[in-house]
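Chemist: In order, the protein sequences belong to chains W and R. Residue numbers for the first sequence follow this note's numbering, beginning at 1 and rising by one. Residue numbers for the second sequence follow this note's numbering, beginning at 88 and rising by one.
Just so you know, the hints here were simulated from the structure itself, not pulled from any lab data. A quick note: this is a predicted structure, and the numbers were derived from the prediction, not measured. Please note: incorrect hints may appear among the correct ones.
Unchecked claim - The list that follows gives simulated cross-link-like pairs (lysine-lysine, DSS-like), each with its CA atoms no further than 25 Å apart:
| no. | chain 1 | residue 1 | chain 2 | residue 2 |
| --- | --- | --- | --- | --- |
| 1 | R | Lys252 | W | Lys21 |
| 2 | W | Lys44 | R | Lys252 |
| 3 | W | Lys51 | R | Lys155 |
| 4 | W | Lys44 | W | Lys21 |
| 5 | R | Lys308 | R | Lys155 |
| 6 | R | Lys246 | W | Lys21 |
| 7 | W | Lys41 | R | Lys252 |
| 8 | R | Lys155 | R | Lys129 |
| 9 | R | Lys182 | R | Lys295 |
| 10 | R | Lys246 | W | Lys51 |
| 11 | R | Lys155 | R | Lys124 |
| 12 | W | Lys51 | R | Lys252 |
| 13 | W | Lys41 | W | Lys21 |
| 14 | W | Lys21 | R | Lys124 |
| 15 | W | Lys51 | R | Lys295 |
| 16 | W | Lys41 | R | Lys246 |
| 17 | R | Lys308 | R | Lys295 |
| 18 | R | Lys295 | R | Lys252 |
| 19 | R | Lys252 | R | Lys129 |
| 20 | W | Lys51 | R | Lys124 |
| 21 | W | Lys44 | R | Lys308 |
| 22 | W | Lys51 | W | Lys41 |
| 23 | R | Lys155 | R | Lys246 |
Claimed, not checked - What follows is a set of in silico ranges between Cβ atoms, one per label pair, in the way DEER data are often shown:
| no. | chain 1 | residue 1 | chain 2 | residue 2 | range |
| --- | --- | --- | --- | --- | --- |
| 24 | W | Glu17 | R | Glu245 | 44 to 52 Å |
| 25 | R | Lys182 | W | Ser52 | 45 to 53 Å |
| 26 | R | Ser144 | W | Glu17 | 46 to 54 Å |
Unchecked claim - Residues from chain R that keep clear of chain W, each with C-beta distances beyond 10 Å, as calculated:
| no. | residue |
| --- | --- |
| 27 | Gly178 |
| 28 | Ala240 |
| 29 | Ser260 |
Heads up, the beta-carbon is just placed ideally off N, CA and C, and yes, glycines get one too.
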Amino acid sequence: MSSRGSSSRITDEEINELVSKLQSLLPESRRRNIGRASASKLLKETCSYIKSLHRDVDDLSDRLSALMATMDANSPQADIIRSLLRS
Amino acid sequence: MLSRTHFIYISACVAAFSPSCLLSFSVAAMQVTEAFKHAFLKQMLLGFQASAVSTNSMGIQERKNAIKLSADVAMAVFRGSRKWTRGLIAGLSEKQQNRSFLQLILGEQYERRLMKPCYSSWKIPRCRTIVRRSLRVCCRRQKKKKNQSGVLARTLVEKRTQQLKRLVPGGESMDGLSLLDETLDYVLSLRAQVDLMQSLLTTVESSKLRSHSKRTLTERKASYVGK
Numbered sequence: 001m002s003s004r005g006s007s008s009r010i011t012d013e014e015i016n017e018l019v020s021k022l023q024s025l026l027p028e029s030r031r032r033n034i035g036r037a038s039a040s041k042l043l044k045e046t047c048s049y050i051k052s053l054h055r056d057v058d059d060l061s062d063r064l065s066a067l068m069a070t071m072d073a074n075s076p077q078a079d080i081i082r083s084l085l086r087s
Numbered sequence: 088m089l090s091r092t093h094f095i096y097i098s099a100c101v102a103a104f105s106p107s108c109l110l111s112f113s114v115a116a117m118q119v120t121e122a123f124k125h126a127f128l129k130q131m132l133l134g135f136q137a138s139a140v141s142t143n144s145m146g147i148q149e150r151k152n153a154i155k156l157s158a159d160v161a162m163a164v165f166r167g168s169r170k171w172t173r174g175l176i177a178g179l180s181e182k183q184q185n186r187s188f189l190q191l192i193l194g195e196q197y198e199r200r201l202m203k204p205c206y207s208s209w210k211i212p213r214c215r216t217i218v219r220r221s222l223r224v225c226c227r228r229q230k231k232k233k234n235q236s237g238v239l240a241r242t243l244v245e246k247r248t249q250q251l252k253r254l255v256p257g258g259e260s261m262d263g264l265s266l267l268d269e270t271l272d273y274v275l276s277l278r279a280q281v282d283l284m285q286s287l288l289t290t291v292e293s294s295k296l297r298s299h300s301k302r303t304l305t306e307r308k309a310s311y312v313g314k
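So that you can see chain W by itself, here it is in the shape it has in the complex:
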């Protein structure tokens, strides 16, 4: 380890915490409540979770786009948006 002061050392405990937090975010481990996964499994699931979130955003953008296409300035939807912006 470097010669830095002890206050800046990162302990195994802290690494542990980060890893378990990340694991608790992943949908699979929430469903089945597995004991701690291996590093590569954790990374693989994190990657696929991020990819699925990206796909969700993409899909939602498509749907919002279709919805807004048929929205004109006088419709109630435009009103909702205007009221959200005002508040």
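Given the coordinates of chain W, work out where chain R should sit on it, guided by the hints.
Modeler: Showing chain R alone in chain W's frame:
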């Protein structure tokens, strides 16, 4: 929907960590309160307005890209200064067509963000040690498994780490713990983004249905009166 208690728990854990120059935890990290959601949504809608998303002149694909851009910028702006948010803005700036929007939304902040030092040229020797230690910590839990594939496992971890670096914006220049920290934050923000877009969609869709059924009811009434 994200639960408030989930985030408060995380913030509390985060507050218990000792500070270090690599980690940029803060107590108010990600408290997803109503105010947060509201401000994020507002930021996104402002973006929609800025790119005139509700006019008929846009094609569907163009509008979709504008919506996605607004949502991503809102997410980055709202989260504030993190490695991944800077990476996200930098990535978006690479495309010429995004720049005027970024300039509009971010204003002078945009210039400042671009001027930030590039982390990829930093070599943080400590990080390699940390990566090795975090691998050891994870591998210790595999005690029961036959470890003849020790080298293979390490290569696999390397490969997956590379994949993760490509997925998290700005990830290429992150090392070890920093990558994990940023990933955590990024995933939380992505989830908030998805939730918000979903609620917006639901709200607009349902109000559309209501106004449509009201209209057809009115039309039907009018046709009865006419008879």
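Chemist: All hints are to be evaluated individually against the structure, with a verdict given for each.
Modeler: Results of checking the hints against the structure:
1. R:Lys252 <-> W:Lys21: Between Lys252 of chain R and Lys21 of chain W the Cα gap is close to 18 Å, so the pair holds against 25 Å.
2. W:Lys44 <-> R:Lys252: It holds: about 12 Å lies between the C-alpha atoms, which stays within 25 Å.
3. W:Lys51 <-> R:Lys155: Distance ~15 Å between Lys51 of chain W and Lys155 of chain R Cα, so the pair holds.
4. W:Lys44 <-> W:Lys21: holds, 15 Å
5. R:Lys308 <-> R:Lys155: Given that 25 Å is the threshold and the Cα spacing comes to 41 Å, the pair is violated.
6. R:Lys246 <-> W:Lys21: holds, 22 Å
7. W:Lys41 <-> R:Lys252: Distance ~16 Å between Lys41 of chain W and Lys252 of chain R Cα, so the pair holds.
8. R:Lys155 <-> R:Lys129: With a Cα-Cα distance of about 15 Å, the restraint between Lys155 of chain R and Lys129 of chain R holds, given a limit of 25 Å.
9. R:Lys182 <-> R:Lys295: The hint is violated at about 35 Å.
10. R:Lys246 <-> W:Lys51: This hinted pair holds, its Cα atoms lying about 16 Å apart.
11. R:Lys155 <-> R:Lys124: Holds, at about 17 Å.
12. W:Lys51 <-> R:Lys252: Distance of about 13 Å is within 25 Å: holds.
13. W:Lys41 <-> W:Lys21: holds, 15 Å
14. W:Lys21 <-> R:Lys124: holds, 22 Å
15. W:Lys51 <-> R:Lys295: Violated: Lys51 of chain W and Lys295 of chain R sit about 31 Å apart, past 25 Å.
16. W:Lys41 <-> R:Lys246: The given pair, whose Cα atoms are some 12 Å apart, holds under the 25 Å limit.
17. R:Lys308 <-> R:Lys295: Holds, at about 20 Å.
18. R:Lys295 <-> R:Lys252: violated, 41 Å
19. R:Lys252 <-> R:Lys129: violated, 30 Å
20. W:Lys51 <-> R:Lys124: OK: Lys51 of chain W and Lys124 of chain R at ~23 Å, within 25 Å.
21. W:Lys44 <-> R:Lys308: Outside the cut-off at roughly 59 Å; violated.
22. W:Lys51 <-> W:Lys41: Satisfied, since the Cα-Cα distance of roughly 15 Å is no more than 25 Å.
23. R:Lys155 <-> R:Lys246: At roughly 29 Å apart (the allowed maximum being 25 Å), Lys246 of chain R and Lys155 of chain R break the hint.
24. W:Glu17 <-> R:Glu245: 44 to 52 Å: violated, 23 Å
25. R:Lys182 <-> W:Ser52: 45 to 53 Å: violated, 24 Å
26. R:Ser144 <-> W:Glu17: 46 to 54 Å: Taking Cβ atoms as reference, Ser144 of chain R and Glu17 of chain W lie about 51 Å apart, which means the hint holds.
27. Gly178: The claim stands: Gly178 of chain R keeps its Cβ more than 10 Å from every Cβ of chain W (closest is about 13 Å).
28. Ala240: violated, 6 Å
29. Ser260: holds, 18 Å
Comparing the model with each earlier hint shows violations of hints 5, 9, 15, 18, 19, 21, 23, 24, 25 and 28; every other hint is respected.
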